[in-house]
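Q: Okay, here's what each chain looks like letter by letter:
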Amino acid sequence: MTDTRTPLLRMVEITKTFPGVRALDRVTFQVDPGEVHGLVGENGAGKSTLMKILTGALQPDSGTIELRGRPVRIPDPGTGQRLGIAIIHQELTVLPELSVAENIFLGREPTGPLGLVDWSRLYRQTQALLERLDIDLDPRIRVGELTIAQQQMVEIAKALSLNADLLAMDEPTSALTERETEILFRLIQGLRDQGVTVIYISHRLEEIFQICDRITVLRDGRHIATRPVQELTPQEVVRLMVGRAITEMYPPPGQAPGPVRLEVRNLHRPPRLHGASLTLRSGEILGLAGLVGSGRTDLARAIFGVDPVERGEIRVHGRPVTLRSPADAMALGMGFVPEDRKSQGLFLQMTVRQNTVIARLKELSGRLLGLIDFRRARTEALRLVEELDIRTPSLEQTVRNLSGGNQQKIIIARWMARAPSILILDEPTRGIDVGAKAEIHALMRGLADQGVAILMISSELPEVLGVSDRVLVMREGRIVAEFHREEATQDQVMLYATGSLERLPGPPEAQA
Amino acid sequence: MNELQAFLRRNGVLVIFLGLVLLFGFTVERFLTVPNLLNVARQTSIVAIVSVGMTFTILTGGIDLSVGSLVAMTGAVAALASAQWGWPLPAVFLAALLSGAAAGALSGLLVAYGGLPPFVATLAMLAAARGATLVITDARPITGIGPALRAVGTGATLGVPNPVWILAVVSLVAWGVLGHTRFGRHLYALGGNEETTRLAGIRVNRMKVAVYGISGALAGLAGLILTGRLNSAQPTAGVAMELEAIAAVVLGGTSLAGGSGGVGGSIVGALIMGVLSNGLNLAGVPSYYQQIIQGAVIVLAVVLDSLTRRAGPLRAG
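So the sequence lines, in the order shown, correspond to chains A and B.
In terms of the working numbering, the first sequence opens at residue 1 and continues consecutively.
In terms of the working numbering, the second sequence opens at residue 513 and continues consecutively.
Careful: at least some of the hints might be erroneous.
[Said to hold, decoys possible] Taking CB as the label site, the calculated pair distances span:
1. A:Asp136 with B:Ala795: 19 to 29 Å
2. B:Thr545 with A:Asp136: 52 to 62 Å
3. A:Ala442 with B:Leu628: 44 to 54 Å
4. A:Pro228 with B:Val632: 33 to 43 Å
5. B:Ser799 with A:Arg124: 50 to 60 Å
6. A:Gln194 with B:Gly713: 49 to 59 Å
7. B:Pro602 with A:Arg121: 29 to 39 Å
8. B:Thr545 with A:Gln344: 37 to 47 Å
9. B:Val647 with A:Gln344: 47 to 57 Å
10. A:Leu369 with B:Leu628: 31 to 41 Å
11. A:Thr322 with B:Gly626: 15 to 25 Å
No wet-lab data here; the hints were simulated from the structure.
Every residue gets a Cβ at the ideal spot worked out from N, C-alpha and C, and that includes glycine.
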């Protein structure tokens, strides 16, 4: 390294092996004081393992860590904290029932006589800290009443109240809206100006390029490159991450769509749905864009019978239907891959085999006694694992231990096993790395080519525009614009998602 | 309007309680009389004290199933100390509180350091303490209770029954501890997210032992009062009292998942159960039917409460 400054952090030749996997292979990672350092790589590249070693949650097999030029050992998270290292996890760890002040000074509350908490001092202390960090929050308010973004700020304030000067943030924007992301970025810039060093982990390259000074790329547990952002382009970073150039990021469009599979007319479910209508055809991928809160997920849930609607009509294969539960929707050949795969889509503690066949146990059971035919279940699971190229050591692997991309494939596999004619996917690639994303897109296109009608919700505009045959824009509970693949641009979609314009073709029958 | 809504949302249980009192007041003769209300208060105090302890364990995300058995065991200890050993009242108090606290702390040790789920550890204690009670009492009532202990259960001070005074002190202290001490605030933290609490340098395991110890000590207090009131220690005292206490806590709005709730609600919850049983008694409803009605009221109150709390629709994307 030609850098003359002493790095704040030097992790040298770090190796960490888990049973069967070399998670980190002699990785050297160096962060300068006062910079925002982006750490990128596909899932499984070793970012999280590296951060866990940094914060003391894991111990390396070999390698050394130097902080401010001095070698240190970090045997546990407490030591990490004392050394001024803090991490903000993707899943927030705030305590919703306690106030902002109590969350920040948990375990360090000032007390007065009789050992009672000295509230006025606690609030003053918190106010002073929040002002220094330029965070506008009331110390007295219950954290459960705050938005996710504000809760994250509480976590950041807590970390910095422990005098952390090295802050690692793991996918901090995954649950934030665009505006909240901007506020977070302003905060990060403010922290950098105060001399705090930030390690920023994200899948969203735009963010990395917007906020970071330097970028380190990991791939398959190895250090690939560390460079200033000015010397990189997003395409180069993707190439470094996957080890190959991804020229065609999205699969080519499919054939002309077939007959109408699903018609939704005028669905109402206050406060989120106010007359949403759409038509979905066999063999097409219909992208549903819109801001968070525009009612996209509510529409998907209503179509799949999760939440009852106040009024409106749903027709499947031309027949009007009433959906009282997901079971009704499934009986009509629908499938739904929910937004939050961990809490709504997977049985994390069950195996790959169990997860893939669980929706088909009826068909896999004997007629007479209703006992499950395990041999057939295995064969079926194996077929799906191979077909979808799910990377797992075995069918008996617990799903919790797989990467996000492979977990998502398992949910899709479960639906494929039922051969649905209509498949709804809500944020199918959220939190999934670039390589696995492309595979899931290809998988969706493959299903569409087999005649499945696919409705995809996504907050990532490039994905909506790249994958969909047709794009609908939703706003305030209604569809306000429709584009064909060729005519849609990010600017156009955003304009309709945020503005007050509408752009709709005639009633759906007219197009047929 | 908004303020009224906010008040109702926060105090739904209180509204249900007052509604119940009014209902019985209009429909049942002799319900809204001072002697009867004092009687309800006296009867309810014992379960209410136990439910204060239960609030502590449930706030941490745990539960204490042993309190009913502990009421019997400590009641027997108090009876022995008073009737057979002739101890003075303060010593009798100490004996009941300490034996309850010790048994509770043992459950706490099993939970904190033995890694047992609270349900299992306290279920074991439920069985063991009932057995210990049968050993102590030889499965027979212990009588000959001293007048001082009797007065704790049956007497009154300034016109208010003594158990109600004790409940008042207990709730006031518990309210202060939960709301204004680090220990209390850390209980909410522990119930909210154990890992976060541990990482903040808080000694989570010690807190668990303390919490079950407190629950046991309060069961001891309740056992002592019950012995005083019945003028004897009954080997079958307190059977199923853990369920009444849990019902009171849940009615009071404390989340079984831990991390949210408080003592005030639990006491109102206990009062609802007490008023209900008293009112139905006075109305001449047979006791078997009363239990069915109690079950229905628990469900109704909790459903109403959860409906008023989330006025909006279920959370969706």
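Q: Could you run down the list of hints and mark each one as holding or not?
A: Against the structure, the hints:
Checked against the hint of 19 to 29 Å, the pair Asp136 (chain A) and Ala795 (chain B) fails, with Cβ atoms roughly 57 Å apart. Separated by about 56 Å at the C-beta atoms, Thr545 (chain B) and Asp136 (chain A) satisfy the suggested range of 52 to 62 Å. Take Ala442 (chain A) and Leu628 (chain B): their Cβ atoms lie about 49 Å apart, and the range 44 to 54 Å holds. A beta carbon spacing of about 57 Å between Pro228 (chain A) and Val632 (chain B) contradicts the range 33 to 43 Å that was offered as a hint.
Between Ser799 (chain B) and Arg124 (chain A), the C-beta spacing of about 57 Å keeps the proposed range 50 to 60 Å intact. For Gln194 (chain A) and Gly713 (chain B), the hinted distance range of 49 to 59 Å is not satisfied, since their beta carbons lie about 25 Å from each other. Checking the proposed 29 to 39 Å range against Pro602 (chain B) and Arg121 (chain A) shows it holds: the Cβ atoms sit about 38 Å from each other. Judged by the Cβ atoms, the range 37 to 47 Å given for Thr545 (chain B) and Gln344 (chain A) is violated: they are separated by roughly 55 Å.
Between Val647 (chain B) and Gln344 (chain A) the C-beta distance comes to about 52 Å, which sits within the given range of 47 to 57 Å. The given range of 31 to 41 Å is respected by Leu369 (chain A) and Leu628 (chain B), whose C-beta atoms sit roughly 37 Å from each other. For the hinted restraint 15 to 25 Å between Thr322 (chain A) and Gly626 (chain B), the CB-CB distance of approximately 53 Å leaves it violated.
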